[in-house]
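Asker: Please model the entire structure based on the sequences and the hints provided.
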Amino acid sequence: MMPIVLALGWLLCSALSNPPVHAAGLFKLGENAPSFTLTAITGETISLDSYKGKVVVLGLFHICDPCMTQGSALQKVHESVRGKDVVVLGVNSSGNGKREVGEFLSGFPVKVTYPYLLDPTKTTDKLYGGGKFIPNVYVIDQHGVIRWQRVGNMDVAAADVIVAEVEKLLGSASRM
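Quick note on numbering: my numbering labels position 89 of the sequence shown as 196, and the sequence is numbered without any gaps.
Heads up, some of the hints might be wrong.
Unchecked claim - Estimated spans, in silico, between C-beta atoms of each pair:
no.: 1; residue 1: Glu-186; residue 2: Glu-210; range: 19 to 27 Å
no.: 2; residue 1: Gly-190; residue 2: Thr-228; range: 32 to 40 Å
no.: 3; residue 1: Thr-149; residue 2: Val-252; range: 37 to 45 Å
no.: 4; residue 1: Phe-215; residue 2: Glu-138; range: 12 to 20 Å
no.: 5; residue 1: Ser-154; residue 2: Gly-209; range: 32 to 40 Å
no.: 6; residue 1: Gly-137; residue 2: Gly-160; range: 16 to 24 Å
no.: 7; residue 1: Cys-171; residue 2: Ser-279; range: 30 to 38 Å
What the hints assert, rightly or not - Once the Cα atoms are required to be at most 20 Å apart in a straight line, the calculated PhoX-like pairs of lysine-lysine come out as:
no.: 8; residue 1: Lys-161; residue 2: Lys-183
no.: 9; residue 1: Lys-205; residue 2: Lys-183
no.: 10; residue 1: Lys-218; residue 2: Lys-275
no.: 11; residue 1: Lys-205; residue 2: Lys-161
no.: 12; residue 1: Lys-275; residue 2: Lys-135
no.: 13; residue 1: Lys-218; residue 2: Lys-135
no.: 14; residue 1: Lys-233; residue 2: Lys-161
no.: 15; residue 1: Lys-218; residue 2: Lys-205
no.: 16; residue 1: Lys-183; residue 2: Lys-218
no.: 17; residue 1: Lys-191; residue 2: Lys-159
no.: 18; residue 1: Lys-159; residue 2: Lys-275
no.: 19; residue 1: Lys-191; residue 2: Lys-135
For the record, the hints were derived by calculation from the structure and aren't laboratory data. Here a beta-carbon is modelled for each residue, glycine too, at the ideal position from N, C-alpha and C.
Answerer: Printed below as a string of structure tokens:
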């Protein structure tokens, strides 16, 4: 039993310390972001397509500590881009229910005020391949095209890094 526990611990530690996965083979920069329509934990129906014309920061999460860290970083992004043509969306892509997701969100070190969506059928997990790599963060341009993505490593997908990517897209839109 002890060798199995040690082997699992080694695998987990090596997976966490490896460089971030850029979702190679899942999506490539320049591809259209797969569309979805889900219900927010607060009850409203939200469609990714309804945000065409805005930059979208999309976070796909399960209920886990790395997802809490990344979800908290997205709250900082949300606050930094307030008043701009940007929307931040969080999705529980693992099929957890409203009660479980609500309890998870209540444990965050910050209050989440961006829309946090429920995905009981794991639609986004299937569309974005999230079950393999969590958390996922995508920055989608005003035309619905993926322009930036990071998976798993919160340092590489820190709030300031995401905001810089968003600002690039906002700046390029103003030059058009």
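Asker: Compare the structure with each hint and give your call.
Answerer: Verification of the supplied hints:
1. Hint check: Glu-186 to Glu-210, Cβ distance near 23 Å, so the stated range 19 to 27 Å holds.
2. Range check, Gly-190 to Thr-228: about 34 Å between beta-carbon atoms, so the 32 to 40 Å window is met.
3. Between Thr-149 and Val-252 the Cβ separation comes to about 28 Å, which falls outside the hinted range of 37 to 45 Å.
4. Look at Phe-215 against Glu-138: about 31 Å separates their beta carbons, and that is not inside 12 to 20 Å.
5. Under the hint 32 to 40 Å, the C-beta atoms of Ser-154 and Gly-209, about 22 Å apart, miss the expected range.
6. Remark: the range hint 16 to 24 Å for Gly-137 to Gly-160 is upheld by a beta-carbon distance near 19 Å.
7. Separated by about 34 Å at the C-beta atoms, Cys-171 and Ser-279 satisfy the suggested range of 30 to 38 Å.
8. Between the alpha carbons of Lys-161 and Lys-183 the distance comes to roughly 18 Å, so the proposed pair stays at or under 20 Å and holds.
9. Only pairs whose Cα atoms come within 20 Å are accepted, and Lys-205 paired with Lys-183 is rejected, the gap being roughly 23 Å.
10. Under the criterion of a C-alpha separation no larger than 20 Å, the hint pairing Lys-218 with Lys-275 is inconsistent with the structure, at around 27 Å.
11. Distance restraint check for Lys-205 and Lys-161: the Cα-Cα separation of roughly 27 Å exceeds the 20 Å cut-off, and the hinted pair is therefore not satisfied.
12. Restraint check for Lys-275 and Lys-135: satisfied, since their Cα atoms lie roughly 18 Å apart, inside the 20 Å limit.
13. About 32 Å separates the Cα atoms of Lys-218 and Lys-135, which puts this hinted pair outside 20 Å; it is violated.
14. Restraint check: the Cα-Cα separation between Lys-233 and Lys-161 comes to about 24 Å, which exceeds 20 Å; the hinted pair is violated.
15. For the given pair, Lys-218 sits about 17 Å from Lys-205 by alpha-carbon distance, which is consistent with the 20 Å threshold.
16. Simply put, Lys-183 and Lys-218 have alpha-carbon atoms about 10 Å apart, close enough for the 20 Å limit, and the pair holds.
17. For the given pair, Lys-191 sits about 14 Å from Lys-159 by alpha-carbon distance, which is consistent with the 20 Å threshold.
18. Between Lys-159 and Lys-275, the direct Cα distance comes to roughly 17 Å. Compliance with the 20 Å bound is thereby established for this hinted pair.
19. With a CA separation close to 26 Å, the supplied pair Lys-191 and Lys-135 exceeds the 20 Å bound.
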